[in-house]
Each structure stands twice: as C-alpha cells, then as structure tokens.
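A.B. asks: So you can see what is in the structure, the chains are spelled out below.
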Amino acid sequence: MNGLLVSLEGAISQGVLWGIMVLGVYITYKLLNIADLTVDGSFALGGCVCATLIVSGQMNPILALFIATLAGLLAGAITGFLHTIFEIPAILAGILTQIALWSINLRIMGKSNVPLLKVDTIFSKVVNFLGMKQMHVTLILGVLIVLAIIAILYWFFGTEIGSVLRATGNNENMIRALGVNTKKSKMVALMLSNGLVALSGGIVAQSQKYADIGMGTGAIVIGLAAIVIGDVIFRKVRNFAGILTSAVVGSVVYFVIRALVLRLGMNANDMKLFSAVFVALALCIPVLIRKYKQRRDYSEGGEKNGNTI
Amino acid sequence: MVTLSNVYKTFNKGTINEKKALDGINLQLNEGDFVTVIGGNGAGKSTMLNMIAGVYPIDAGKILVNQINISRKEEYQRAIHIGRVFQDPMMGTAAGMEIQENLSLAYRRGQKRGLSWGVTKSEKVLYHEKLKMLGLGLENRMSSKVGLLSGGQRQALTLLMATLVEPKLLLLDEHTAALDPKTAKTVLDLTEKLVSESKLTTLMVTHNMKDALRLGNRLIMMHEGKIIYDVSGEEKQKLQVSDLLKKFEEASHGSFANDRMLLA
Numbered sequence: 000m001n002g003l004l005v006s007l008e009g010a011i012s013q014g015v016l017w018g019i020m021v022l023g024v025y026i027t028y029k030l031l032n033i034a035d036l037t038v039d040g041s042f043a044l045g046g047c048v049c050a051t052l053i054v055s056g057q058m059n060p061i062l063a064l065f066i067a068t069l070a071g072l073l074a075g076a077i078t079g080f081l082h083t084i085f086e087i088p089a090i091l092a093g094i095l096t097q098i099a100l101w102s103i104n105l106r107i108m109g110k111s112n113v114p115l116l117k118v119d120t121i122f123s124k125v126v127n128f129l130g131m132k133q134m135h136v137t138l139i140l141g142v143l144i145v146l147a148i149i150a151i152l153y154w155f156f157g158t159e160i161g162s163v164l165r166a167t168g169n170n171e172n173m174i175r176a177l178g179v180n181t182k183k184s185k186m187v188a189l190m191l192s193n194g195l196v197a198l199s200g201g202i203v204a205q206s207q208k209y210a211d212i213g214m215g216t217g218a219i220v221i222g223l224a225a226i227v228i229g230d231v232i233f234r235k236v237r238n239f240a241g242i243l244t245s246a247v248v249g250s251v252v253y254f255v256i257r258a259l260v261l262r263l264g265m266n267a268n269d270m271k272l273f274s275a276v277f278v279a280l281a282l283c284i285p286v287l288i289r290k291y292k293q294r295r296d297y298s299e300g301g302e303k304n305g306n307t308i
Numbered sequence: 000m001v002t003l004s005n006v007y008k009t010f011n012k013g014t015i016n017e018k019k020a021l022d023g024i025n026l027q028l029n030e031g032d033f034v035t036v037i038g039g040n041g042a043g044k045s046t047m048l049n050m051i052a053g054v055y056p057i058d059a060g061k062i063l064v065n066q067i068n069i070s071r072k073e074e075y076q077r078a079i080h081i082g083r084v085f086q087d088p089m090m091g092t093a094a095g096m097e098i099q100e101n102l103s104l105a106y107r108r109g110q111k112r113g114l115s116w117g118v119t120k121s122e123k124v125l126y127h128e129k130l131k132m133l134g135l136g137l138e139n140r141m142s143s144k145v146g147l148l149s150g151g152q153r154q155a156l157t158l159l160m161a162t163l164v165e166p167k168l169l170l171l172d173e174h175t176a177a178l179d180p181k182t183a184k185t186v187l188d189l190t191e192k193l194v195s196e197s198k199l200t201t202l203m204v205t206h207n208m209k210d211a212l213r214l215g216n217r218l219i220m221m222h223e224g225k226i227i228y229d230v231s232g233e234e235k236q237k238l239q240v241s242d243l244l245k246k247f248e249e250a251s252h253g254s255f256a257n258d259r260m261l262l263a
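The listed protein sequences correspond, in order, to chains A and B. Take the first sequence: its position 308, counting from 1, is numbered 307 in numbering that gives the first Met the number 0, and each next residue is one higher. Take the second sequence: its position 169, counting from 1, is numbered 168 in numbering that gives the first Met the number 0, and each next residue is one higher.
Chain B extracted, bound-state conformation (with noise of 0.2 Å):
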C-alpha cells in the first residue's frame, strides 16, 4: 500500500520562475492497484513519480510505502520499494554493458552488492527464461551490449529489469511515449501482461487517453499540482474520451485547448 499525504513541492522558491508543482497531494494506492495518469503539460504527473522515487526532495508531506515513511529517504534508499522505466529509453539501461550485465545489475535492486561474481550461472538460466517471454530474440543475445538494442527492445528491457525483483510499486513515467505506435503497443501489452501476472501496484503517466481508459482499474487527472479526479471500478470502466476532455474543459477553463492532449 502506498499513501501521499499533502504532498508539496515549490521549484525555484523565491525566484521569478517558481513554479509550484505539487499543491497538496493526497493519494492512497491500494494493493493491486493500477492507476494510469492523465493531465496536461506541467500538470506535475511526472513530478509526483520523481517524487515518490526520490529523484528530488518534496518541501512537505508524507510518502509511505507499507507503512515505510520513505519521505526522507535518498533515491537509492527507495529503490528496494520501487521499480522505475522512464520516458527516455536510454535512461533505463547501461547501453555499455551486456542484457545479462544489466539484467544481474536489477535483480540485485535494493540488496546489498558484494564480492561475489556479477553474473552467476543460475542466473543466466533464468534470464533466458524471462526474456524468452518478451518474445524479441533477447534471449539468444544475452551476452550482446544493450546498446545495440532498438529503443522498443530498450524498453522492454528496462520493464522485465524493474519487475525482475517484485517492487512494491512501478513507476511507469511516459514509458511508451518516444516509441513508434507498433512498438509502443508492443511494451504497452507487456507492461500489462507483466502487471497483471503479478498484481503490481503501478502508477502508470501516459499522454494517450485510450490508453489511460483500457488499461488499469483506476484513473487519476492531474491539474496545476493537484489531483482533480480519481475515478477507479465500474465507474472508470465507463467512462469515455469524450468525458476526459470535459474534465479537462472544466479543469483548465479552455485554456486545454492548446494542449497536445488533444492530439492522443
């Protein structure tokens, strides 16, 4: 269970380009939960991910993680609780070591690292299994450096690594977004398949409303730093475009109408 409690954080305070991009958040993820997130640009959806993984220190509140409070806590710290792909395919892989290097690097994510070897035989035999199912051909380069990857392989990558170790929360900020639509429906039925096998509790930031619609049991909407619906169950179920865009009418007083949201 994750929880947010007045969550704030102010960029630039004092300056002419402050920016307050969390106003008070308020959020309680259950176990299971698979929440995707909608909002404009600078709405603070991926500014309340970095936050929840400590990428920056937040000004006030509360983030607890099964009753952990991690608020204080280094980003290091939090990554026994979290898995993480970002928008950027690069960021999740070190392109100048091997898939197996890299893959041994994340099943070792929050434990404690030693003398021992990097990759263990073991090891090797379950890799190959997991990318086995990823259905790309890794499984036969295991020893090639993922900087030969393509950006869809990258990450596809990165998703098998931040679930290789069950995380108590995945983080998935725009994770399909530089793709091309083919690929990006590729690690988008992955990312469902590898939640929904194992009941991750994800938050999921997307800019493609369909997406936000079909995938996850709940839907949360961002404005201006502050969370404005949340909507999970049946009622989520039913919910259209359309409706999400009316939402966003009301939210942003038409400004919206600018916003590449409109392009999803």
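This is chain A alone, in the form it adopts within the complex (with noise of 0.2 Å):
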C-alpha cells in the first residue's frame, strides 16, 4: 500500500511538472488553433540546455531554466518564421523545427543524455534548505511555480496583447481588420508556448535529475491527452484561470492512470501506444456522438422528434 501511494504522489509531481508543458501546449492548441509540433523538440531542448548549463557550465539551476526558457522561446520563433513568413503549414513548419532540434540537442549536450546527480537543483537547493524530503519537496515547489505561471497567463491573456492573441485564433480576418499584423500574433503565441514547453523539460530534467535526448518523444500527444481530460472533468468551468488550471489537472489525472496502468503490469515500451489510443478516442468520441445524434434526430415524416436545427 505504501509502495502505491508513493508511486502516486511521484506521478502528482511530474502531472504538476509536465503541467507547464501543457499549458504551452494549450496556448497554440486551443487559444490558436494551431497543431504545433515543436513541442517534443523543444521540450527535450529545455532539459538538454538546462543539464548541460548546470553541469557543464555550473551554473545556478535558476538562471539555467531561464536560459532554457530563452531557447525555448527561439525554437517557437523558427517555427513561426517558417510559419507566418514562409507560409509552410503550422504542422509542418512545427515538424521541420523539431527534427532540426534532435540534432541540435544532441550537439548540446555532445551525448544523448546527461546525468544531473552531484549537482544543485532547484529542488535539492530547497531539499538542503528545509529539510523536507525530495518527494514532498517535488510537488510543493512543482505546485507553487505552476500557480504562479497560471497566475502570470491569466494577467497576459487579459492585456491588450494577450486578448489580441485570444482574437488571432478566434477570427483572424476581423482581427486583421482591426489594424493587428497577425503574422506577429501567431509569432508570438508560437515563442510563448515553447518559451514554456522548454522551462516545464528544464524543470522536469532537473527533478528527474538527467537531461535525455529522448524524454520530450510524444510530449505533443501528452499535452493534447492533458488538455481533453481537463476539458472533461471541468466541461462546467468558463473562467480562464479554472481551464488554465484544468490542463494542468488533466495533465495530473494522465500520469496518475499512466502510474496505475503500468503498476497493473503494463509493459512500460507500450505506453505510448496507450497515450495515442486515448488522445485518438478522446478525439473520435464527440463525432461520434454527433453523427450518431444526427441519426438519431432524423425522421422521415418530419417533426416527428420536434427537433429542429
């Protein structure tokens, strides 16, 4: 029973951590409409420019997220560039990014993984400092930075900027019209939304304590699965911070049924298979009801339901 709880709360702290990547996934995905790629790229780029910063640089753990914030917000601007510039579908442009980005993390770190272990973390820093154990310690501070990042999205999506943004994905003609150069809109949508897929793999590198050329592989599917969960357990809620919060919850309840799962005996080699079948159901499941309430809805005498359109 033990075993289980701490297996639980392990998977709460990374949910909470892999949160942050979500809410930049949630920026393009749902405020932009745009399917963007980058985001296995830049996530993986983050960890890489953040282990390789504290290793090799010895640098202090914050300034090194900060700095893998930096290229994060880079990557995002490439992939705009190829985006709004050169007019290459988002999904593409997002694709072309993030291939360039596997060499590129593998040119930074110089191998395909880097260790994190006789180093200061940010979690270790507050481990030293308070004498809590790294487990607690994982998802308090994880907690703390990600209600402050809600916090801080909630403030911009409400600027003259920010509701800018919310316009570019809700009717780009109009916003358009109304004296806004969208192609800058979507250039920074793309570069905020990795600035913090790249901050959320610093930090997820740093509490895992090994930066990996692998660990940002399916992150897209992982921030969309995160996103439908939230939007199913919080279909009531409209108030931006409560959907802001609903995609880090979603992102929570994923890791927790991926701990459970694979506790069931899983085999862990088959979990990304189990990712893309859900995030696919999660996707195929409102059409279905819809083209089966259609069905359903259609009389031939007429009125008969008395459901009109």
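Simulated from the structure, these hints should not be mistaken for laboratory data. Treat the hints with care, as some may be off.
Claimed, not checked - Straight-line distance between alpha carbons at most 30 Å, and here's what the computed DSBU-like set of lysine-lysine pairs gives:
#1 B:K144 with A:K290
#2 B:K144 with A:K29
#3 A:K182 with B:K144
#4 B:K167 with A:K182
#5 B:K61 with A:K183
#6 B:K61 with B:K198
#7 A:K182 with B:K12
#8 B:K181 with B:K198
#9 B:K225 with B:K19
#10 B:K123 with A:K29
#11 B:K72 with A:K183
#12 B:K111 with A:K182
#13 B:K123 with A:K235
#14 B:K111 with A:K29
#15 A:K29 with A:K235
#16 A:K292 with B:K144
#17 A:K29 with B:K120
#18 B:K245 with B:K184
#19 B:K198 with B:K129
#20 B:K144 with A:K235
#21 B:K61 with B:K111
#22 A:K182 with B:K18
#23 B:K12 with B:K61
#24 B:K61 with A:K182
#25 B:K72 with A:K182
#26 B:K19 with B:K209
#27 B:K144 with A:K183
#28 B:K246 with B:K184
#29 A:K183 with B:K111
#30 A:K183 with B:K123
#31 B:K120 with A:K183
#32 A:K183 with B:K167
#33 B:K123 with B:K167
#34 B:K225 with B:K209
#35 B:K167 with B:K19
#36 A:K235 with B:K120
#37 B:K120 with B:K167
What the hints assert, rightly or not - From the derived model, a few chain B residues whose C-beta atoms are all more than 12 Å from chain A:
#38 N11
#39 A59
#40 L63
Cβ atoms here follow ideal geometry from the backbone N, Cα and C, with glycine treated the same way.
Mind assembling these two chains? They're in different frames, but the hints should get you there.
C.D. replies: Given below as structure tokens:
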C-alpha cells in the first residue's frame, strides 16, 4: 500500500511539472488553433540546455531554467518564422523545427544524456534548506511554480496584447481588419508556448536528475491528452484561470492513470501506444456522438422528435 | 477624401482562369460621400472594396486616403483609416470572446497595443452607452460570448465596432445580404443612422437596387471591372429602379436578364 502511495505522489508531481508543458500546448492548440509539433523538440531542448548549463557551465539552476526558457522562445520563433513568413503549414513547420532540434540537442549535450546527480537543482536547494523529503519538495515547489505561471498567463491574456492573441485564434480576418499584424501575434503565441514547454523540460530534467535526448518524444500527445482530460473533468468551467487549471489537472490525471496502468503490469514500452489510442478515442468520441445524434433525430415524416436545427 | 486612380487587378494571371477583376478604376470620394455600389455578379464590387482594404495587393494604380498613398500598405496597416463590415455576419466578430472584448478590440483599431488591461472600466461605460443605442438589449449582456448572438445582432455589433473609432472610410460589403428582410432593415436603418450622425465617407455594396436608390447621396454601377455609371445629388434622387435596369441592359448587352439583380 505504501508503495502505491509513493508512486501516486510521484505521478502527481510529474503531472504538475509536465503541466507547465501542457499550458504551452494549450496556448497554441486551443487559443490559436495551431497543432504545433515543435513541442517534442523544445521540451527536450529545455532539458538539454538546462542540464548542460548546470553540469558543464556550473550555472545556478534557476538561471539555467531562465536560459532554457529563452532557448524555447527561440525554437518557437523558428517555427513561427517558417509558418508566418514562408507560409509553410503550421504542422509541417513544427515538424521541421522538431527534427532540427534533435540534432541541435545532441550537439548541446555532446552525448545522448546528461545526469544531474552531484549538482544542485532547484529541488535539492530547497531540500537542503528545509530538510524535507525530495518527493514532497518536488510536489510543493511544482504546484507553486504552476500557480505562478497560471497567474501570469491569466494576467497576460487579459491585456491588450493577450486579447489580440485570443482574437487571432478566434477570427483572424476580423482582427486583421482591426489593424493587427496576425503574423506577429502567431509568432508571439508560438514563442510563448515553446518557452513554457522548454521551461517545463528544464524543470522535469532537474526533478528526474537527468536530461535525455528522447525525453520530449510524444510530449505533444501527452499535452493533447491532458487538455482533453481537463476539458472533460471541468466541462462547466468558463473562467480562464479555471480553464488553465483544468489543463494542469488533466496532466496530473494522465500521469496518475499512467502510473496505475504501469503498476497493473503494462509494459512501459506500450505506454506510447496507450497514449495515442487514448487521445485518438478522445477526439473520435465527440464526432461519433454528433453523427449518432444526427441519425437518431432524423425522421422521414418530419417533426417526430420535434428537433429543429 | 479617398481617391482611386487607374487601379487594375487581374486574378490568376497567365492561367486559363485569368480574370480581369478591376480594369482601370478611377474614383474620387469626397468627404462625407455615402456611395452605394451596384452591379452584377463578378462586376468587381467586392474586389474593389477588398483592394481598398488591402486584402489583396493591386497590380497597378494608386489608392489614396487623405492624400496618403496606401496602395502598398498591408491590410493591417490600412485599418487605421478604414472600418469594415462584411457580408458574412461571422466574419466581423470573434465568436469565442465577450461582447465587450470585441468592442475593446475595435476601440483600439490601428493603435499600438500594449500590456495594459484589455477592457478598462471607463470603456465599459462607453460601450454600455453605445450598445444601448442599438436597441437590441445587448447593453445588458456585455460579458456574453458573441457566439450566442444571432446573425443580425452580430452584424449590428460589427457595424458599431467599425464606427466606434471614426473611420476615414467605411466599407460595407453586402452587409445585409445574409440577413432576413426584417433584420436587414434594422441593420440598414442603423447603418443610415451611424453614417449620417458622423457624416462618414462610405462605400456600400448592395444587391438590392431599392436600397441603393434610397440610401446615400451617390450611386455607382460597375460592370466587368469598370465603373460604368456614376450619379449623385438630385439626379440620383430622381432615379428609378427601371432606369437602373435599363443601364444594366445597355452595359451587358442583354445578358443581364439572367442575373440575380433582377430579383431585387
């Protein structure tokens, strides 16, 4: 029983830290209607930059996170550049950046993984200071960071620039007619999103004590799964801060389910299949329900069910 | 004052689908002119409005607003001069955002946007007042999502948004065509009110000849990318639908009989 609790707490912490990545995905996928596949690359980028700076550069772990975030902003800018200036479809632009980042990440680390065992991380600093268990620190610190980010995003998307980003996702023609350079706003959104994703990668690397070239593989699917789960659980929430919170909760639920499934004996290598099927189902079900309802409500005689469109 | 001089536009140049959309347009709008634009399908009415707004670049010619040449400016750069309402009620508003948020976006048309709050308290007072004027009860639903409104309500809101900051030129592209007759009338009355209140220089494309005759101080007719008739003042007042039909017949050598204009 104790083992289960420990693995649950671990899963919750993981969900919270990956939740920052989910917030990034939320910005592009939900607010801007762009499926941005840069995410897999920029998540690993954040981890790689952070780990390399801490180990080889002996940098302060907080400063390293800051620079990892900047690296993510840059990755987003490249996707944005390809998409807005050269009109490459967003999905393809993201894939190009993601593939390029694989090589770049290997260059940054010089090998396929960098352990963070005998160096300071933001977590070990707090552990040393407060004398609490690493596990609890990860969770508490993670929650505090996520709350701070949600607060910042809530503020940002209420400002003039933030409103413009939301409007760009809503109705690009309209906001352009109101004098907004939508190329710029998409660029800002992609940068902000990938900055968050890289920050998440850096924090996850620090919590798991290593960065790995493959750590971002499938991140976008996890992000989408978390958003879908959050949507289902908090269907009635309208408040923007609540919606952002629901994305993070979705992430937590995803990692908890994952931990439980693994504990039940599923092979860890099958996890990606599980995630993909899960997301595919989550996206299929609303369509199926709609089609079913259309069929059910149809009647040859007319008005039998009294349903009108 | 708005001037178009020798404006040309051809779509799909050099292909089998080549289409001369604007064929040497010359037009001068005086301050406060309310011009209705009529013409058959493919005459170039909407294209002309889109060229002025900067949706596509023009091939040749000049477009001036208050002596400023805007021909080579991007669409978003021209927005500082121009307010627009589109045919599709979905086009002019952001469905997923609140009524007041939509208004606040329009309130900053052409302005630099920063990190100050998106909708301020003093703005809300202004929006409440303006919405009240529409007489649709929207002033009590300012934090409702625009997606919940009907097509007519959305079009009225778009009209308000386009004129919230007084534009040097208002472009109305068949903005009542997608509405039922009763709603169309409401939106048209509102158009008349807003335009005459601030004496806005306006170009209004319409398929309804009665509206084209009733509204505005000037009327232009387009055919195959050219302005073939330009009438204003008293002469316009005397004009009848039958006169317009005759003009069309002359211009299109009889092929006009098939056009949907006939139904208007």
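A.B. asks: Hint by hint, note whether the structure agrees.
C.D. replies: Results of checking the hints against the structure:
1. At roughly 26 Å between alpha-carbon atoms, K144 (chain B) and K290 (chain A) fall within 30 Å of each other, so this suggested pair holds.
2. Proximity of K144 (chain B) to K29 (chain A) is assessed by CA-CA distance (about 16 Å); at most 30 Å being required, the pair is judged to hold.
3. Only pairs whose Cα atoms come within 30 Å are accepted, and K182 (chain A) paired with K144 (chain B) is accepted, the gap being roughly 25 Å.
4. With a CA separation close to 25 Å, the supplied pair K167 (chain B) and K182 (chain A) stays within the 30 Å bound.
5. At roughly 27 Å between alpha-carbon atoms, K61 (chain B) and K183 (chain A) fall within 30 Å of each other, so this suggested pair holds.
6. For a cut-off of 30 Å, the pair hint linking K61 (chain B) to K198 (chain B) stands: about 25 Å separates their Cα positions.
7. Between K182 (chain A) and K12 (chain B) the CA atoms are separated by roughly 26 Å; this keeps the pair inside 30 Å, and the hint holds.
8. With a C-alpha separation of about 25 Å, the suggested pair K181 (chain B) and K198 (chain B) falls inside the 30 Å cut-off, and the hint holds.
9. With a CA separation close to 10 Å, the supplied pair K225 (chain B) and K19 (chain B) stays within the 30 Å bound.
10. The hinted pair formed by K123 (chain B) and K29 (chain A) meets the criterion: a straight-line CA distance of about 27 Å does not exceed 30 Å.
11. As the CA atoms of K72 (chain B) and K183 (chain A) are separated by approximately 16 Å, the hinted pair is consistent with the 30 Å bound.
12. Distance check on the hinted pair: K111 (chain B) and K182 (chain A) sit about 15 Å apart at the alpha-carbon level, within 30 Å; holds.
13. Distance check on the hinted pair: K123 (chain B) and K235 (chain A) sit about 26 Å apart at the alpha-carbon level, within 30 Å; holds.
14. Distance hint between K111 (chain B) and K29 (chain A) is fulfilled; the C-alpha atoms sit about 25 Å from each other, no more than 30 Å.
15. For the suggested pair K29 (chain A) and K235 (chain A), the alpha carbons sit about 16 Å apart, so the restraint of at most 30 Å is met.
16. Note on K292 (chain A) and K144 (chain B): the hinted pairing holds, with a Cα-Cα distance of about 25 Å set against a maximum of 30 Å.
17. Between the alpha carbons of K29 (chain A) and K120 (chain B) the distance comes to roughly 28 Å, so the proposed pair stays at or under 30 Å and holds.
18. This hinted pair checks out: K245 (chain B) and K184 (chain B) have alpha carbons roughly 26 Å apart, not beyond 30 Å.
19. Annotation: proposed proximity of K198 (chain B) to K129 (chain B) holds, straight-line Cα distance about 17 Å (limit 30 Å).
20. Of the pairs offered as hints, the one joining K144 (chain B) and K235 (chain A) holds, with about 15 Å between alpha carbons and a cut-off of 30 Å not exceeded.
21. Annotation: proposed proximity of K61 (chain B) to K111 (chain B) holds, straight-line Cα distance about 26 Å (limit 30 Å).
22. Straight-line distance between C-alpha atoms of K182 (chain A) and K18 (chain B) comes to about 29 Å, which keeps the hinted pair within the 30 Å bound.
23. Proximity of K12 (chain B) to K61 (chain B) is assessed by CA-CA distance (about 20 Å); at most 30 Å being required, the pair is judged to hold.
24. At roughly 25 Å between alpha-carbon atoms, K61 (chain B) and K182 (chain A) fall within 30 Å of each other, so this suggested pair holds.
25. Simply put, K72 (chain B) and K182 (chain A) have alpha-carbon atoms about 15 Å apart, close enough for the 30 Å limit, and the pair holds.
26. Note on K19 (chain B) and K209 (chain B): the hinted pairing holds, with a Cα-Cα distance of about 28 Å set against a maximum of 30 Å.
27. Between K144 (chain B) and K183 (chain A), the direct Cα distance comes to roughly 25 Å. Compliance with the 30 Å bound is thereby established for this hinted pair.
28. Annotation: proposed proximity of K246 (chain B) to K184 (chain B) holds, straight-line Cα distance about 26 Å (limit 30 Å).
29. Between K183 (chain A) and K111 (chain B) the CA atoms are separated by roughly 13 Å; this keeps the pair inside 30 Å, and the hint holds.
30. Between K183 (chain A) and K123 (chain B) the CA atoms are separated by roughly 28 Å; this keeps the pair inside 30 Å, and the hint holds.
31. Note on K120 (chain B) and K183 (chain A): the hinted pairing holds, with a Cα-Cα distance of about 28 Å set against a maximum of 30 Å.
32. Annotation: proposed proximity of K183 (chain A) to K167 (chain B) holds, straight-line Cα distance about 26 Å (limit 30 Å).
33. Restraint check for K123 (chain B) and K167 (chain B): satisfied, since their Cα atoms lie roughly 24 Å apart, inside the 30 Å limit.
34. Under the criterion of a C-alpha separation no larger than 30 Å, the hint pairing K225 (chain B) with K209 (chain B) is consistent with the structure, at around 22 Å.
35. For a cut-off of 30 Å, the pair hint linking K167 (chain B) to K19 (chain B) stands: about 28 Å separates their Cα positions.
36. Of the pairs offered as hints, the one joining K235 (chain A) and K120 (chain B) holds, with about 27 Å between alpha carbons and a cut-off of 30 Å not exceeded.
37. Using a Cα cut-off of 30 Å, the hinted pair K120 (chain B) and K167 (chain B) holds, with the two alpha carbons roughly 27 Å apart.
38. With a least beta-carbon separation of about 18 Å from chain A, N11 (chain B) lies farther than 12 Å from that chain, consistent with its non-interface assignment.
39. At the 12 Å boundary, the C-beta of A59 (chain B) stays outside the reach of chain A, the nearest C-beta of that chain being 24 Å off.
40. Residue-level check passed: L63 (chain B) sits 19 Å from the nearest beta carbon of chain A, beyond 12 Å.
In the structure shown, no violation is registered for any of the earlier numbered hints.
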